[in-house]
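Since chain A is already given, all that's left is putting chain B with the ligands on it; use the hints.
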Amino acid sequence: MKQTFKRPKALVDIPSHFCPGCHHGIIHRLVAECIDLYGVREKTIGVASVGCSVFLYDYFNADVVEAPHGRAPAVATGVKRARPDNFVFTYQGDGDLAAIGTAEIIHAANRGEQITVIFVNNTVFGMTGGQMAPTTMSGQETTTTPFGRDLKTNGFPIKMSELLTELPGSTFVARAAVNNSKNLMKAKKLLKRAFEVQINGEGFSFVEFLSACPTNWKMTPKQATERVQEEMIPYFPLGVFKGGQE
Amino acid sequence: MAMIKFRRERCKGCGLCVLACPKNLLMVSSKINRSGYPVAKIDDMKSCTGCALCAEMCPDVVITVFK
Ligand SMILES: Cc1ncc(C[n+]2csc(CCOP(=O)(O)OP(=O)(O)O)c2C)c(N)n1
Ligand code: SF4
Ligand code: SF4
Ligand code: SF4
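Residue numbers (the numbering used here), protein chains in the order written: chain A, 1 to 246; chain B, 1 to 67.
If you are wondering where the hints come from, they were derived from the structure by calculation, not from laboratory data.
Heads up, a few of these hints could be off.
[As the list claims (entries may be wrong)] Cross-link-like lysine-lysine pairs, in silico, BS3-like; alpha carbons within 30 Å at most:
1) A:K182 <-> B:K23
2) B:K67 <-> A:K2
3) B:K23 <-> A:K192
4) A:K188 <-> B:K46
5) A:K6 <-> B:K41
6) A:K2 <-> B:K31
7) B:K31 <-> A:K6
8) A:K218 <-> B:K23
9) B:K23 <-> A:K189
Chain B on its own, in the form it takes in the complex:
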């Protein structure tokens, strides 16, 4: 069991986490944060392995990982 959390207010919607996820679980949603950026999200948390590659790639340390 693994879980990732997004700190949405810090997300810039760059999508680098989307490219990094080996299981293709992430996407940039249509939700906009206070800074005006679309924010990244995960729908299928059950498939997340907690590998943290998305978090490693995020330039803004938006993602934290729990395992």
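Extracted from the complex, chain A is given alone in its bound form:
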């Protein structure tokens, strides 16, 4: 018998701190698989954000810089410009990328920085205990919207992929989910394309992952995974928005 599935080399063999059923763990592994696949581990520089994925430097067997909250695309810009031969990616939650870091992501995309952005949208501030994020769905209860998000006072859940697609500087923009096997396999393809865009020097690549946060959604892992399908995907449609297969 031959081993057909194993831990990617780019993912350090330690237990993760993520809650049971959190999709961050799956997304970490997919990124690590791509680093292995393209053989870029020795020249990868990750840029971590602030949020539940803050320990990127512990989990990836690659160099990682920690950026101030929301500023990962700005830090990655500097890293990539100083070291253009390195593979540079950011990994950011929706509180990080779509709230405090909105300016940084828009301008990095608009400048067409040669970086890859992994955006994990779980519709909530996970690490800090479940406050409303700009991506929080209409009616969703959070600690700061105890009666549900009210669009009249809290605005609309922001669609970052659609927003960045409009910018002439972005090359590849896609949204994926890992809530079932079918979507996970598609997510792998989109992530590969995002890696290739940077490796081929084509420009700025962005993949948004819809992700479950069972803890702050106050759901079981099964309920949270189902919520991605039933509530999130209808509002945040999956697929390639810009720059499909070469």
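The following block gives chain B with the ligands in isolation, referenced to the frame of chain A:
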């Protein structure tokens, strides 16, 4: 012939692998690991096709697949 292995000490009992198996072979058992989580298991290994969909879905890389 296929075989899957669980690294039980890393399992968090989330059950995402259970949902992923197209043949419904997996379950979260009543056994508890050192971290206090109930661990996933397979009873009918003979029916496993080695498709690896359970392993793909596991957030903690608990499952490895042999074929
Ligand atoms: C400058 C600054 N402001 C606020 C915080 C508090 N803070 C830490 S994580 C976080 C949001 C995390 O949410 P998200 O980016 O969605 O990631 P998740 O934890 O959900 O993966 C906030 C507001 C901080 N660390 N630094
Ligand atoms: S709080 Fe949410 S996002 Fe953070 S590790 Fe737990 S489930 Fe994942
Ligand atoms: S490898 Fe496939 S058939 Fe076997 S337990 Fe996992 S999901 Fe089920
Ligand atoms: S998906 Fe992984 S962590 Fe969750 S129950 Fe299955 S083996 Fe355990």
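Hints, one by one, checked against the model:
Between the alpha carbons of K182 (chain A) and K23 (chain B) the distance comes to roughly 15 Å, so the proposed pair stays at or under 30 Å and holds. The straight-line distance between the Cα atoms of K67 (chain B) and K2 (chain A) is roughly 5 Å, inside the 30 Å bound, and the hint therefore holds. With a CA separation close to 29 Å, the supplied pair K23 (chain B) and K192 (chain A) stays within the 30 Å bound. Using a Cα cut-off of 30 Å, the hinted pair K188 (chain A) and K46 (chain B) holds, with the two alpha carbons roughly 29 Å apart.
Proposed proximity of K6 (chain A) and K41 (chain B) is supported: the alpha carbons are some 18 Å apart, at most 30 Å. Among the hinted pairs, K2 (chain A) with K31 (chain B) is consistent with the structure: their alpha-carbon atoms are about 28 Å apart, no more than 30 Å. Restraint check: the Cα-Cα separation between K31 (chain B) and K6 (chain A) comes to about 24 Å, which is no more than 30 Å; the hinted pair holds. Our distance criterion of 30 Å between C-alpha atoms is met by K218 (chain A) and K23 (chain B), whose separation comes to about 29 Å.
Proposed proximity of K23 (chain B) and K189 (chain A) is supported: the alpha carbons are some 25 Å apart, at most 30 Å.
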